[in-house]
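Residues per chain, in single letters:
Number of protein chains: 4
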Amino acid sequence: MSPVFGEKIKITVFGQSHSEAIGVVIDSLPAGIEIDFDELAQFMARRAPGQNSYSTQRKEADKIKVLSGIVNSKTCGAPLCAIIENTNTRSQDYDNLLEIPRPSHADYSAHIKYNGFNDIRGGGHFSGRLTAPLCIAGGIAKQILAQKNITVDAKILSIGGIENKGDKFISDEIIKAIDDVRTKGDSLGGIIECVVNGVPAGIGDTMSGSLESKISSSIFAIPAIKGIEFGNGFECASLKGSQNNDPFYFDGDIVRTKTNNHGGILGGISSGMPIVFRVAVKPTPSISIEQESVNLKTKENVKLNIQGRHDPCIVPRAVPCIEAVTAITILEEML
Amino acid sequence: MSPVFGEKIKITVFGQSHSEAIGVVIDSLPAGIEIDFDELAQFMARRAPGQNSYSTQRKEADKIKVLSGIVNSKTCGAPLCAIIENTNTRSQDYDNLLEIPRPSHADYSAHIKYNGFNDIRGGGHFSGRLTAPLCIAGGIAKQILAQKNITVDAKILSIGGIENKGDKFISDEIIKAIDDVRTKGDSLGGIIECVVNGVPAGIGDTMSGSLESKISSSIFAIPAIKGIEFGNGFECASLKGSQNNDPFYFDGDIVRTKTNNHGGILGGISSGMPIVFRVAVKPTPSISIEQESVNLKTKENVKLNIQGRHDPCIVPRAVPCIEAVTAITILEEML
Amino acid sequence: MSPVFGEKIKITVFGQSHSEAIGVVIDSLPAGIEIDFDELAQFMARRAPGQNSYSTQRKEADKIKVLSGIVNSKTCGAPLCAIIENTNTRSQDYDNLLEIPRPSHADYSAHIKYNGFNDIRGGGHFSGRLTAPLCIAGGIAKQILAQKNITVDAKILSIGGIENKGDKFISDEIIKAIDDVRTKGDSLGGIIECVVNGVPAGIGDTMSGSLESKISSSIFAIPAIKGIEFGNGFECASLKGSQNNDPFYFDGDIVRTKTNNHGGILGGISSGMPIVFRVAVKPTPSISIEQESVNLKTKENVKLNIQGRHDPCIVPRAVPCIEAVTAITILEEML
Amino acid sequence: MSPVFGEKIKITVFGQSHSEAIGVVIDSLPAGIEIDFDELAQFMARRAPGQNSYSTQRKEADKIKVLSGIVNSKTCGAPLCAIIENTNTRSQDYDNLLEIPRPSHADYSAHIKYNGFNDIRGGGHFSGRLTAPLCIAGGIAKQILAQKNITVDAKILSIGGIENKGDKFISDEIIKAIDDVRTKGDSLGGIIECVVNGVPAGIGDTMSGSLESKISSSIFAIPAIKGIEFGNGFECASLKGSQNNDPFYFDGDIVRTKTNNHGGILGGISSGMPIVFRVAVKPTPSISIEQESVNLKTKENVKLNIQGRHDPCIVPRAVPCIEAVTAITILEEML
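Here the protein sequences line up with chains A, B, C and D, keeping their order.
All residue numbers for the first sequence refer to my numbering, where the first residue is 1 and numbers rise by one.
All residue numbers for the second sequence refer to my numbering, where the first residue is 1 and numbers rise by one.
All residue numbers for the third sequence refer to my numbering, where the first residue is 1 and numbers rise by one.
All residue numbers for the fourth sequence refer to my numbering, where the first residue is 1 and numbers rise by one.
Just so you know, these hints were derived from the structure itself, not from any lab.
One should not assume that every hint holds.
Intra- or inter-copy, both count: the list cannot distinguish identical chains.
Below, a list of computed lysine to aspartate or glutamate pairs in the EDC-like style, where the Cα atoms sit at most 20 angstroms apart [said to hold, decoys possible]:
{"no.": "1", "residue 1": "Lys-184", "residue 2": "Glu-173"}
{"no.": "2", "residue 1": "Lys-165", "residue 2": "Asp-153"}
{"no.": "3", "residue 1": "Lys-65", "residue 2": "Asp-38"}
{"no.": "4", "residue 1": "Lys-74", "residue 2": "Asp-95"}
{"no.": "5", "residue 1": "Lys-303", "residue 2": "Glu-235"}
{"no.": "6", "residue 1": "Lys-303", "residue 2": "Asp-93"}
{"no.": "7", "residue 1": "Lys-63", "residue 2": "Glu-85"}
{"no.": "8", "residue 1": "Lys-63", "residue 2": "Asp-153"}
{"no.": "9", "residue 1": "Lys-10", "residue 2": "Asp-167"}
{"no.": "10", "residue 1": "Lys-65", "residue 2": "Glu-85"}
{"no.": "11", "residue 1": "Lys-65", "residue 2": "Glu-39"}
{"no.": "12", "residue 1": "Lys-8", "residue 2": "Glu-20"}
{"no.": "13", "residue 1": "Lys-303", "residue 2": "Asp-253"}
{"no.": "14", "residue 1": "Lys-297", "residue 2": "Asp-253"}
{"no.": "15", "residue 1": "Lys-65", "residue 2": "Glu-20"}
{"no.": "16", "residue 1": "Lys-10", "residue 2": "Glu-332"}
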């Protein structure tokens, strides 16, 4: 058990919210692949905070520093390590005692797992900030997949139960809803859909090697994800086989299905149709409304008021993260 | 990538629907654990077909034969191999050519992956029959967990969109609905909920080591699963943080949450609350209603009529399978 | 930690000396590979006992029964499971108490590891008999490698310190020496050399992914191996760099080295030269000469006399085992 | 296949000789372990160059910078990343064409594996410099093992065939021999013995999970190692079973063996006796004497003269590296 993705490509994410740096090691990338670091920076910018009214107003530079694995902008076969330095770290000793766990955060469960030694500053290793190195790896994976004509694109289907209509990344109606909860110190969740185009038929494996197993395993590595469904997902449970089955037909020489209820995966293996899945993102647990919690030291029930500015809705910033871990997973399967 | 579960306990499932035998190797079980093989047989019986009107009328003995790993009914530390002999196998050469893939089965995707060499008799390695060895491993895992006061129980929430009301395993209303589709050669899917009680706080890991990653990876190893959601799952996407967050409180000396929207997992790590998740099971793709498909040999679009008797609804038989892979996963995390 | 070989091809060996069967699961073999089972039987025969004066007189049939993974003599992509049934097993309960561990066997260390629950009949899972399923996997790997023009050949360099001169598998002088120790109830060890021809340059990896790491890891899975050296091995420690370095030259278009002190591996990666290594096999610890041991029950020092007929020298039977695990390892690296 | 050590503790080494930094990620260390960074620096100093006449005169600072995983000098459960910045790196594009591979270096085999994209500056990822991050991980592992009363100590047995007599780390006779080859532009290899004390009986596993498999796999991750032998090693091949077997006896309540020919490992599992093994280190391939090689561009045989100052003997600096990877391996098995 361990926070490492993949078997062929191994991706290890390290860092805490307030450690010297956060980063990622990507091991066993093929050698000789050109990485466009400007494009990568643009991808990272999609995850960065402080860009608009619906995300936190903190400013993080998120400047990528490559420590190894790249020669003349190309992968050299050695593990690629890239870091983002944290600018707000303190090196001196400090009080690391967790007294009051924040509801629906990892504070309590991590406290028990690590016997109270986990870094609690800013959520430590459980901070959403750790999705930044995931996006470094994912942005690189996306570039390699693009060279194979495989695209990974996620979009917001709904936020707070409001359907995301229109062509914009987020509709005005949703932005208004986010603004509304922000002023009240509350937060909203949402649903993201991800589509992978270009994966040929025959990729994946049986049992826990299934594409659904691999993708879901990676997706749940992202904090705040509570569900995943492939193709028509939970809806299939209300359908008859005759309604749910996807008829095959020849599109020229290519076998395709008329519908895609199966979401591009049959028996754990790609069918050649687009891989489609949706994930549920919970509302940010960091809210400034008073909550009930416990004081682990005094063993009393207490009221908790969380200070600071937080994302009223992390769904928009989760979109590139979904793309990132999906791209990593698909790349792994393609090698 | 490979159909092996687990890192500490390694579970390998082998066999095809018509091979000599199907079976499982369970590697690295602790030594000295007493296995109750009568209890295991009872667990297996829950998955067996031919028991009632809503499953297939085929009769399979599913008699477990232990080849290794057990001495005097106790695990001996060596890999445990148990098999179920197939009685309907043919050893002589035969035609293994797939001409017409069945819609929403693994026929086509497996054909591509294995260059046409996969065993197509009865679905081969992709047959639902391969969940039998999974249940051997899962039944053993359940017994070991029970010794740690951990229980894994799944139940049917709905079938074909009909809520499963009352105390029975399946309500009369649902049995009637299944009978109805059976007579029409059609099939139904459904939703299963699984609850794991007794897992202490602090189990699991970060990133793709999260309990959600591990459980979902195992669950999607079962054929026909199209979605999984933890706690309140997709519903969280419509809630505000103030509604979704689960307040902590002291229940005597024990920290608990007043609600369990998080489903017993926070930051990938158990919170001590019951682990709760739901899965969507698609309607059996094997229906006797005429369907559209392709002839891979002649490259023509064709009509397909599947013969034979099939489960009009595999949801009831999926219930022990869900328990099995969940028990395997939780046991792995507890060691 | 677990008795599984490989990451791409996963090989799991199960069984005990007196369990119902011993066997192997080979997972993720490419589909469509024709296996010559007669050739495999011939390979197995090289490991089988009872063939001549220098091995044990027990007769084991070692008849391979394929349970899964083969369709029309070809791999079908599903895990291949093959077993050898044990004919001398007892299913009723019996006394499994280890009282007196045999010197230089696994009896004592396994007893501690498994808290006394390990199967002690005939050495249980630690019996040399478990190299039979390894040879099934290895024999298949050899056939697949042969299709890529890669050969794996081991031979005996010396036994009991006597150099194995001449063209025979074992020289008459050595057979005489084995006969001699056999009559005295003693045993002999020896040195085996293995050469892998045909591996192209560029196979392997860095760090613990080095070919030496992979090969040595597999070799030490065979009981009784106490050392391994690549190329000129330990001799290099007495040489100067100018003597030990292997000069490159062009042999036509192919880069070769004039000497092969490096044993075909540089920086963990194949150089294109033959891969050469030697292993030390200890004398069979089963001897009928009286030995000193302990009674774990009474906690007394005791004398031990081991009954039964045992190999006076397992070196000849180790030769195909060395080839087997080497072939498995090289195949894994070639995929 | 990948340069990652371990399954429970995962250690990833990254960096090239001339990349921005070299470093290591250690994943899944237990939380709450105090690390003495002064002691770690002292351990690192044993590997550092430029300290005496028998190693290279280059000066590397090897200052450890911890990026993550440590809070108040204690492990916090999150992956520990520590780096050493390289001071001589060039960020601008440069010529990365390998023309003439150095004999017995990884130049040629890596060139083939990575299609010429590997970083060739200073040996790239294959540089002995990459043992520095291994020593960071190993130094930490040694500290954790010491808390369990397990010690890992290596020493030089011989260099250039000269036995290392006396109490000194290196005898005067050997220093003189090294000085001698240094003036001639040549180099020497040697033999190192490593002893692990304090490992309780019962640690390890069967097959490729054997302690010998695990230790040898790690040892061969160190460049220049050509052989490993456990206990009496290759000598056992000349002994009779009656000479080689180690008699058991009770030392008070503890079972011990009178001799330790088995090197503390029986059946892949620790016996409680000291774990003892020896490794052969080849002479540094970097010599300044003219050598024969090939020009890969012009496809001609050429003479090669390597410039620069290099270790005439890396054996002394390999000693802490041997301890490092052994400590990592033993720690992995003890968790």
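At 20 angstroms max between alpha carbons, let me know whether Lys-65 reaches Glu-85 within a copy, between copies, both or neither. both (8 angstroms within a copy, 12 angstroms between copies)
Check Lys-303 against Asp-93 for me: Cα-Cα at most 20 angstroms, and say if that holds within a copy, between copies, both or neither. neither (28 angstroms within a copy, 58 angstroms between copies)
Between the shortest in-copy and the shortest cross-copy C-alpha distance, which are at most 20 angstroms for Lys-10 and Glu-332: within, between, both, or neither? The answer is both: 9 angstroms in one copy and 18 angstroms across copies each meet 20 angstroms.
If the cutoff is 20 angstroms on CA atoms, where do Lys-63 and Glu-85 land: within, between, both or neither? Let me know, please. both (8 angstroms within a copy, 18 angstroms between copies)
I want to check one pair: Lys-184 and Glu-173. Are their C-alpha atoms no more than 20 angstroms apart within a copy, between two copies, both, or neither? Intra 17 angstroms, inter 46 angstroms, cutoff 20 angstroms: intra-copy only.
State whether the alpha carbon distance between Lys-303 and Asp-253 is at most 20 angstroms within one copy, between copies, both, or neither. So Lys-303 and Asp-253 pass the 20 angstroms test across copies only (18 angstroms; inside, 65 angstroms).
Classify it for me, Lys-8 with Glu-20: is the Cα-Cα distance of at most 20 angstroms met within a copy, between copies, both or neither? neither (29 angstroms within a copy, 25 angstroms between copies)
Please work out whether the CA atoms of Lys-303 and Glu-235 approach to 20 angstroms or closer within one copy, between two copies, in both situations, or in neither? Neither. Shortest intra-copy (40 angstroms) and inter-copy (26 angstroms) distances fail the 20 angstroms Cα cut-off.
With 20 angstroms as the alpha-carbon cut-off, assign the pair Lys-65 and Glu-20 to within, between, both or neither. both (13 angstroms within a copy, 9 angstroms between copies)
Could you place Lys-65 and Asp-38 in one of the four classes (within, between, both, neither) given a Cα distance threshold of 20 angstroms? within (13 angstroms within a copy, 28 angstroms between copies)
Identical-chain pair category, Lys-63 with Asp-153, by Cα at 20 angstroms: Neither. Shortest intra-copy (24 angstroms) and inter-copy (43 angstroms) distances fail the 20 angstroms Cα cut-off.
Go through the copies and call it for Lys-297 and Asp-253: within, between, both or neither, with a Cα cutoff of 20 angstroms. between (68 angstroms within a copy, 12 angstroms between copies)
Hint compliance for this structure: hints 5, 6, 8, 9 and 12 are not met, and every other hint is.
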